[in-house]
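**Q** Protein chains in written order, with the working numbering: chain B, 1 to 99; chain H, 101 to 199.
Do not take every clue at face value.
Said to hold, decoys possible - Estimated spans, in silico, between C-beta atoms of each pair:
(1) B/A73 x H/R167: 42 to 52 angstroms
(2) H/P196 x B/A6: 14 to 24 angstroms
(3) H/A173 x B/G34: 37 to 47 angstroms
Think of the hints as simulated: they come from the structure by calculation, not from any bench. Built from N, CA and C at the ideal position, the CB exists for glycine as well.
Chain by chain, the residues run as shown.
There are 2 protein chains.
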Amino acid sequence: MVLEHALITVRPDSHEEFQAAVTRAREVISAAPGFRSFALRRGIESPDRYLLLVGWETLEDHVPGFRESPAFAEWRSHIQPFFEGQPEVDHYDPLPGLS
Amino acid sequence: MVLEHALITVRPDSHEEFQAAVTRAREVISAAPGFRSFALRRGIESPDRYLLLVGWETLEDHVPGFRESPAFAEWRSHIQPFFEGQPEVDHYDPLPGLS
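Build out the structure end to end from the sequences listed, making use of the hints.
**A** And the structure:
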């Protein structure tokens, strides 16, 4: 499983709305082909920063798969209004015996 | 559970040795009070970068707990020789229903 790793900073006054929007947006991403897991956590040292970890069967299920699907626009429409800047997104492969 | 999130860059020629060292270092951290989970993954876009996720019962189990214990020096002695620069480390709280 490939892990999508995203660091998202949101506007300081928008945490309650952002978290509610993620709950709705999760329904969209969960239905995507190759979706495997979802977790959002909030920063302790930087409370306006969130760590989003999404598991995908393959990298291609996320990019280009989900990213170029109509569902991506819907996913982003829920959460993007609360972003401060653009999320930093990259991907990580498992390591046998260590992941 | 609090998640320790570390981004570690290693020297390009040291991947095999680093991964073997992590296997040994994991034994050390796994025995620490409050340790809950361990996962290391390797970057796809940046193959010299690793994502380390360690679950701790509380933040204090990691800092100051593990960090100020003799086991921390042992953990670091295994893996530090391969670092390129210092790891970026922070912590994330779970969100009810989203983590």
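**Q** All the hints need checking, so say for each whether the structure fits it.
**A** Evaluation of the provided hints:
1. Between B/A73 and H/R167 the beta carbons are some 43 angstroms apart, a value that agrees with the proposed interval 42 to 52 angstroms.
2. Hint check: H/P196 to B/A6, Cβ distance near 20 angstroms, so the stated range 14 to 24 angstroms holds.
3. A beta carbon spacing of about 42 angstroms between H/A173 and B/G34 agrees with the range 37 to 47 angstroms that was offered as a hint.
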